[in-house]
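Peer 1: Position chain X relative to chain F; hints supplied.
These protein sequences, in sequence, are chains F and X. Mind the numbering: the first sequence is residues 1 to 205 in my numbering, read in order. Mind the numbering: the second sequence is residues 206 to 410 in my numbering, read in order.
Since the hints were made in silico from the structure, they are not lab data. For each residue, glycine too, the CB sits at the ideal point set by N, CA and C. Please note that the accuracy of each hint is not assured.
To be verified - Sample of chain F residues facing chain X (criterion: CB under 8 Å; computed from the structure):
1. S4
2. S5
3. S6
4. L8
5. L18
6. M27
7. R28
8. A30
9. L31
10. L34
11. I48
12. N63
13. R90
Unchecked claim - Here's a subset of chain F near chain X, in silico, CB distances under 10 Å, partners left out:
14. L7
15. T17
16. R24
17. L29
18. R50
19. M51
20. A71
21. D195
2 protein chains.
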Amino acid sequence: MSLSSSLLENAVDQLATLPGIGRRTAMRLALDLLRRDPQEVARFSEAIRRMRDDVRFCDVCCNISDEPRCAICRDGNREASLICVVEDIRDVIAIENTRQFKGLYHVLGGVISPMDGIGPEDLNTRQLMDRVQAGGIDEVILALGTTLEGDTTGFYLNRKLNEAHVRVTMLARGLSVGGDLDQADELTLGRSIADRKPYEQLARR
Amino acid sequence: MSLSSSLLENAVDQLATLPGIGRRTAMRLALDLLRRDPQEVARFSEAIRRMRDDVRFCDVCCNISDEPRCAICRDGNREASLICVVEDIRDVIAIENTRQFKGLYHVLGGVISPMDGIGPEDLNTRQLMDRVQAGGIDEVILALGTTLEGDTTGFYLNRKLNEAHVRVTMLARGLSVGGDLDQADELTLGRSIADRKPYEQLARR
Chain F
1 MSLSSSLLEN
11 AVDQLATLPG
21 IGRRTAMRLA
31 LDLLRRDPQE
41 VARFSEAIRR
51 MRDDVRFCDV
61 CCNISDEPRC
71 AICRDGNREA
81 SLICVVEDIR
91 DVIAIENTRQ
101 FKGLYHVLGG
111 VISPMDGIGP
121 EDLNTRQLMD
131 RVQAGGIDEV
141 ILALGTTLEG
151 DTTGFYLNRK
161 LNEAHVRVTM
171 LARGLSVGGD
181 LDQADELTLG
191 RSIADRKPYE
201 QLARR
Chain X
206 MSLSSSLLEN
216 AVDQLATLPG
226 IGRRTAMRLA
236 LDLLRRDPQE
246 VARFSEAIRR
256 MRDDVRFCDV
266 CCNISDEPRC
276 AICRDGNREA
286 SLICVVEDIR
296 DVIAIENTRQ
306 FKGLYHVLGG
316 VISPMDGIGP
326 EDLNTRQLMD
336 RVQAGGIDEV
346 ILALGTTLEG
356 DTTGFYLNRK
366 LNEAHVRVTM
376 LARGLSVGGD
386 LDQADELTLG
396 RSIADRKPYE
406 QLARR
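Same shape as in the complex, but just chain F:
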């Protein structure tokens, strides 16, 4: 695809670097932007540049924040002895939306993925160990995705956290709420049998 404008070509190339955006979609996005008011596009472009230049991460939990400490870490009503370790800020939002968790978070900023050349030192693991070693932490919940990378990261963190003598837990795996048995995949169904619980503990919630 050779375009009649190098300015458009350049914008399409840049948009196509976004994950999940191919060149055809990038072209559609560029044409949409071209149809807009220049001021509107300037605001669009500026919002992205400012986010990258000015955003900072919470000094404590590495969550995204406009201030040195994020709103969750500043909230005195939350249980400071309980840390939930997540991959990225989307997971913080997902867990916050459940309204089930009142502790603090630790955002790793990714998962260990040798295929992509991401090791523990590329993640915020040191900051997590510093928090645990500073004391006052009773439990660390590993709330990682159930992928190979999530499992690898969990395995690594569990070993490190055990050395620091802190209780490590992970999210339960089993049937989705509202799901039928024949819709669950074999691994999940097998896991839900192996991890079955006394009826009284689960059914009444």
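Peer 2: This is chain X only, laid out in the frame that chain F set:
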């Protein structure tokens, strides 16, 4: 979804204005941009702003161009008496890729869509009529999408162009090449029967 950073929130809001990008996808794109080098994001943001600020349209055919006349209109080897009318620059690229067309283009910049409040005066129709009235045009091909809006636009342009006494043609409709009969929809199949052609004209190409 309330985010811990208004900078991120703002960027996600802006990305979610793009067509086909919901807030979840916008969040994924924003997080990807956040992980990049600030210079890289500055280039990304600048490419979009510059495209909107500096891009211009060909004075003749309204195609996107970095110069007053686009490369196709400047090319002396093309048939200047044949104009292919298309909705947008993506269609120019699609037709150029066929290598079947050696005439010039006219980019409307959209199609007539009363639902979206887009009338003929919002498109580059006046420029098309100016080109035709300036003389030297033998044929105008309406290469518009086979949608209600495409048909409406074709109907309008055909009437205007007939007034200017120029031959108006449109793209053939029929079976896709490589498609089976039972895969074609009823309208297309019906059309391909009504528009059937002598065997000699079609089969040997």
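Peer 1: If a hint holds in the structure, say so; if it does not, say that too.
Peer 2: Results of checking the hints against the structure:
Residue-level restraint check for F:S4 holds (minimum Cβ-Cβ distance to chain X is 5 Å; threshold 8 Å). Checking F:S5 against chain X by beta carbon gives a least distance of about 4 Å; that is within 8 Å, so the hint holds. Proximity of F:S6 to chain X holds as hinted, the smallest CB-CB distance being about 6 Å (cut-off 8 Å). Using the Cβ-Cβ criterion of 8 Å, the hint placing F:L8 at the interface with chain X is satisfied: the shortest such distance is roughly 5 Å.
Because the closest C-beta pair between F:L18 and chain X is about 5 Å apart, less than 8 Å, the hint holds. Interface restraint check: F:M27 against chain X, minimum CB-CB distance 6 Å, threshold 8 Å, status holds. For F:R28, the shortest C-beta to C-beta distance to chain X is roughly 6 Å, which falls under 8 Å, so the interface hint holds. The interface hint given for F:A30 is met, as the beta carbon of that residue sits about 7 Å from the closest beta carbon of chain X, less than 8 Å.
Checking F:L31 against chain X by beta carbon gives a least distance of about 6 Å; that is within 8 Å, so the hint holds. Here the hint on F:L34 is kept, as its CB sits about 6 Å from the closest CB of chain X, short of 8 Å. The closest approach between the C-beta of F:I48 and any C-beta of chain X is roughly 5 Å, which is under the 8 Å cut-off, so the hint is satisfied. Because the closest C-beta pair between F:N63 and chain X is about 6 Å apart, less than 8 Å, the hint holds.
Given the 8 Å rule on beta carbons, the hint for F:R90 holds: about 6 Å separates it from the nearest Cβ of chain X. The closest approach between the C-beta of F:L7 and any C-beta of chain X is roughly 5 Å, which is under the 10 Å cut-off, so the hint is satisfied. Given hint, F:T17 at the interface with chain X, holds; its Cβ is 7 Å from that chain's nearest Cβ, closer than 10 Å. Look at F:R24: its Cβ gets to within about 8 Å of chain X, closer than 10 Å, so that hint holds up.
Interface hint at F:L29: satisfied, since its Cβ lies 5 Å from the closest Cβ of chain X, which is below the 10 Å cut-off. Contact between F:R50 and chain X, as hinted, is supported at the beta carbon level, the nearest pair being about 6 Å apart and thus within 10 Å. Annotation: F:M51 was flagged as interfacial toward chain X, and the flag holds, the nearest CB pair being 4 Å apart, inside 10 Å. For F:A71, the shortest C-beta to C-beta distance to chain X is roughly 5 Å, which falls under 10 Å, so the interface hint holds.
Taking 10 Å as the C-beta contact cut-off toward chain X, the hint placing F:D195 at the interface is violated, the least distance being around 29 Å.
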